[in-house]
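**Q** Position chain Y relative to chain H; hints supplied.
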Amino acid sequence: MAIRLRESLWPLLKTSKCWPTYFVRKTSMSAKNNSLHKHPSTKRSEAIPAAKYGGRHTATMLPGGGIGPELMTHVKEVFRFAGVPVDFETISIDPRSTGNEELDDVITSIRRNGVCIKGNIETKSLSTGVHSRNVVLRSSLDLFVSVLHCKSYPGVVCRHKGIDVVVIRQNTDGEYSMLEHESVPGVVESLKIITTENAERVARYAFEYAKDHGRRKVTTVHKANIMKLSDGLFLETSRRVAKDYPEIDHNDMIVDNCSMQLVMNPHQFDVMNTTNLYGAIVSNILCGLVGGAGLISGINYGGHSAVFEPGTRTTASRIAGKNIANPAAMLNASADMLKHLGYNQHASNIKKAIELTINEDRIHTPDLGGTYSSEEVVHNVMRRIEKLSGGGH
Amino acid sequence: MAAQFIRKVVSSSLPLTRNYSAEVKKVTLIPGDGIGPEISAAVQKIFAAAKVPIEWESVDVTPVRGPDGMFGIPQAAIDSVNKNKVGLKGPLMTPVGKGHRSLNLALRKEFNLYANVRPCRSLEGYETLYNDVNVVTIRENTEGEYSGIEHEIVDGVVQSIKLITEDASRRVAEFAFKYTKENKRSKLTAVHKANIMRMSDGLFLRCCREVAEKYPDVKFEEKYLDTVCLSMVQDPSQFDVLVMPNLYGDILSDLCAGLVGGLGLTPSGNVGLNGALFESVHGTAPDIAGKDLANPTALLLSGVMMLRYMELNDYAERIQTACYEVIKEKTYRTGDLGGKAKCSEFTDEICRKLT
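Each protein sequence line maps, in turn, to chains H and Y. The first sequence: position 387 = 441 (the numbering used here), numbered continuously. The second sequence: position 195 = 822 (the numbering used here), numbered continuously.
Pulled out of the complex, with its shape left as it was, chain H reads as follows (with noise of 0.2 Å):
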C-alpha cells in the first residue's frame, strides 16, 4: 500500500513546486541570462511569449539619462489620455555605478517582456574596463539589426525636401565590438570585428524590407578599398544576398563618398544597408538633413525581443529639465512599439497626430526653429489624438 500510494503521489510531487529540481531549472536559467558576454547560447534561447496579462500588455521602460526621464513621463501622459492597454516597468539604471547588476534587471526584464522603449543609459565611470551600457544591453539581446526610416515632415524648414530613406544598420559587430588592449604603454588597438553570419542577417533583412514596402534599391555602404578583409566581406556578403533578390536594384558607396552624396543630392537613396559605425554617422547626417534629433525614432530587433529608441540616441543633457527638448522622437517611437504589439488604431492615431503636430499646427520646439515648449507639443498632440478617436472612448 505504501508503494501503490508512493507510485500516485509522485508525479504529483514531480511537478509541484517544492520539487529540487524545479529550482535547479530556474537559477540555471538565470545563469544563462547573467552572462553578459556574448556567448552562442544567448543567441539559442527559448522565445518567451509576450507579457500580456488581463488584456494588457507590459513594457520595459528605460528612461536613461538626460532628457530621457521627462520624454518617458510624456509618453506615459499620452498613453493614458489614449487609454492604451500597455503598462510600464521602470527601470533605472546609475550612471556612476560600476557593476552590471542593474544591466542583469533590465535584460531579464526586456526578456520577459518582449519589448522595451529606452532613452540613452549613460555611462559616466570613468574607467575603461566599463564597457557602454546600451552596447552591451544591445550585444546581450542580439538585437542584430537597427531600423531607421528618416523621412522628411514638411512643416519642418530644411535645404532638403521630401527625403524618404531607410537606414539598415548591423547594430552588434563592428566597431562596436569593445574588445580594446595597450599591448605597449602608449599604443592601443582597437578590434573591429566582423562576421559572415551577422552580414548576412542584416543584408537579408534589408533586401526582406525591401520587398515588403515596396522599395526598389538597396545600398551597401563600405569602406573595402581600405579595410579589404572586413569590409570586404560585408560587401561581398551583401552581393551574395542580393543575388537572391533580382526585382530589388544593389549597389555599393564607400562611405565617404556616400557622406557627400547624401550632403549633396540625399534623393537617390532608398534602402541602406550598413555596418556599425557607418550605420550611426549616415543615420545621424540624414536626421541631421530631416531637421534634427528630435524627430525620428529608431527600432532594434533582435532574436526575441524589440527595443524601440529615439533614432540619433543623444541624452542631450544641455537640454535637460528645461522643457525645451522635442517630444517627437519618443512619442514616434513609442507609436513604433504600439505598431509591433499590433495596436494598429493606437499606433496610426499617435503617428498622425504627431504628423498633423508638425506640419499643419506647427507646433515646434526650439530645435525646430520654434518657441513652444515640450509639453504645449504634448498637449497638442493629445487634442488631436482626441479628435482623431472621434472625441472619446
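Check each hint, because a few of them may be wrong.
To be verified - Using 30 Å as the maximum straight-line C-alpha spacing, the simulated DSS-like pairs for lysine-lysine come out as follows:
#1 805/Y - 841/Y
#2 178/H - 955/Y
#3 215/H - 955/Y
#4 205/H - 850/Y
#5 282/H - 736/Y
#6 178/H - 841/Y
#7 736/Y - 215/H
Unchecked claim - A partial selection of chain H residues facing chain Y, derived with a Cβ cut-off under 8 Å:
#8 207
#9 210
#10 229
#11 240
#12 311
#13 442
#14 444
Don't read these hints as lab results, they were simulated from the structure. Glycine included, every Cβ here is placed at the ideal spot set by N, Cα and C.
**A** What follows is chain Y alone, placed relative to chain H:
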C-alpha cells in the same frame, strides 16, 4: 631691402628646412593620371603669370618593379621630394589588382605625412544649399582604422585592428593647435567616439587635452562624432577647426567638401615630418581626360595652400583672389560648375586678372 630681409628672418618661426633667401625655390610636381597633366599645366601657367619664384621639377610616380620584385615608387621621385621638401600632386590612379598597394597610401608612408589639412570654404558665386561654411578639417593620416592590419580568425569571422598611438596623436594635436593659432582661428574641436571606443579614442582625447593646456588662447572643445555629423548638416557655421583620427577625418572632410560643392573645388595638404605634399583630392576623371574640359580649381587652391606653407603669402593671396573672382563672375566656368568654358579659357581668364 635689408629691413625686409631682417623682418622675414625674425617673423619666421619655422624649422631649419625653410630657406630664407629670396631665390627661386624648387618644388616637385607630380602631374598624375587622367586629367592630371592638363590641370598641372594650367597651374604652372597661372603661377608663371603671377611671376611666382618657383621652379617646377616634374616627376613620374608610376610604380616600377624594384630589385626585390615588389612594385614601388621610383627612387628618382623619392629623392626629388626629399630634396625639395615641398610637392604638388595631381590625381593618381591606383591600378586594381596586380599586387599594388594604394599609391596614395604608399606616398603617405614614404614621406611620413602625418596630418591632412582640408579647408572648406563656401565659394561666392557657386551657390550650394550651404552658404556659410568655413571649416578646416585636420585629420591624422598614418594610423587609426587605416592601419591595414587584418586577419581572418576563423572561417567567417574577420578582425581589423584600429591602432592609436600616443606619439601620432600628440603630433597631430600639436599641429592642429599650431595651425589654429597661426591662421588666427578661434576654436578647435576634437571629434571622437570615446563613449564606445574608450581606450583608443580616449587616448587620442587625452593627448589633445594635454596639448590644449599649452595653448590657452585657443578655445578647445570635444564632441562626439554623431553630434558633429548632425550639427554639421544643420548649421556648419558653428564649427571652426576640427581635429580627429583617420577614419572620422576621411568621412568628415568629404562631408564638408560636399557642403561647398564637391571634391572638384577643395584643396588639400599633407604635412609631414620633413616636408609637405599638396594635392587635389578628386579622381582622375578618365572620361574627360585630354578634352580640355577639366576644372583646375582644386589643384590651383592646393597650390595656393602650398605657397602659404612656403611663406609666399602675397602671391598666394593674389592668385586666390583672382580665382575666386573668376568663379564669382560666372562667365568663364567649366562644365562641373555648370558653365561651358574650357579649361584653357578659365586659365587664361585668371592669368589676365593677374597681369
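**Q** Hint by hint, say whether it matches the structure.
**A** Each hint tested on the structure:
1. Straight-line distance between C-alpha atoms of residue 805/Y and residue 841/Y comes to about 10 Å, which keeps the hinted pair within the 30 Å bound.
2. Taken as a hint, the residue 178/H and residue 955/Y pair is broken in the structure, with Cα atoms around 50 Å apart against an allowance of 30 Å.
3. The hinted pair formed by residue 215/H and residue 955/Y meets the criterion: a straight-line CA distance of about 27 Å does not exceed 30 Å.
4. Under the criterion of a C-alpha separation no larger than 30 Å, the hint pairing residue 205/H with residue 850/Y is consistent with the structure, at around 26 Å.
5. Distance restraint check for residue 282/H and residue 736/Y: the Cα-Cα separation of roughly 18 Å lies within the 30 Å cut-off, and the hinted pair is therefore satisfied.
6. With a CA separation close to 27 Å, the supplied pair residue 178/H and residue 841/Y stays within the 30 Å bound.
7. About 43 Å separates the Cα atoms of residue 736/Y and residue 215/H, which puts this hinted pair outside 30 Å; it is violated.
8. The interface hint given for residue 207/H is broken, as the beta carbon of that residue sits about 14 Å from the closest beta carbon of chain Y, more than 8 Å.
9. The beta carbon of residue 210/H comes no nearer than 11 Å to any beta carbon in chain Y, farther than 8 Å, and the hint placing it at the interface is violated.
10. The beta carbon of residue 229/H is positioned within 8 Å of a beta carbon in chain Y (closest approach about 7 Å), and the interface hint is therefore held.
11. Taking 8 Å as the C-beta cut-off, the interface hint given for residue 240/H holds, the closest approach to chain Y being about 4 Å.
12. The interface hint given for residue 311/H holds, since its Cβ lies 7 Å from the closest Cβ of chain Y, which is under the 8 Å cut-off.
13. Interface hint status for residue 442/H: violated, as the beta-carbon distance to the closest one in chain Y is roughly 31 Å, over 8 Å.
14. At its closest, the beta carbon of residue 444/H sits 38 Å from a beta carbon of chain Y; the interface hint therefore is violated under the 8 Å criterion.
The structure does not agree with the numbered hints 2, 7, 8, 9, 13 and 14 stated previously, though it agrees with the rest.
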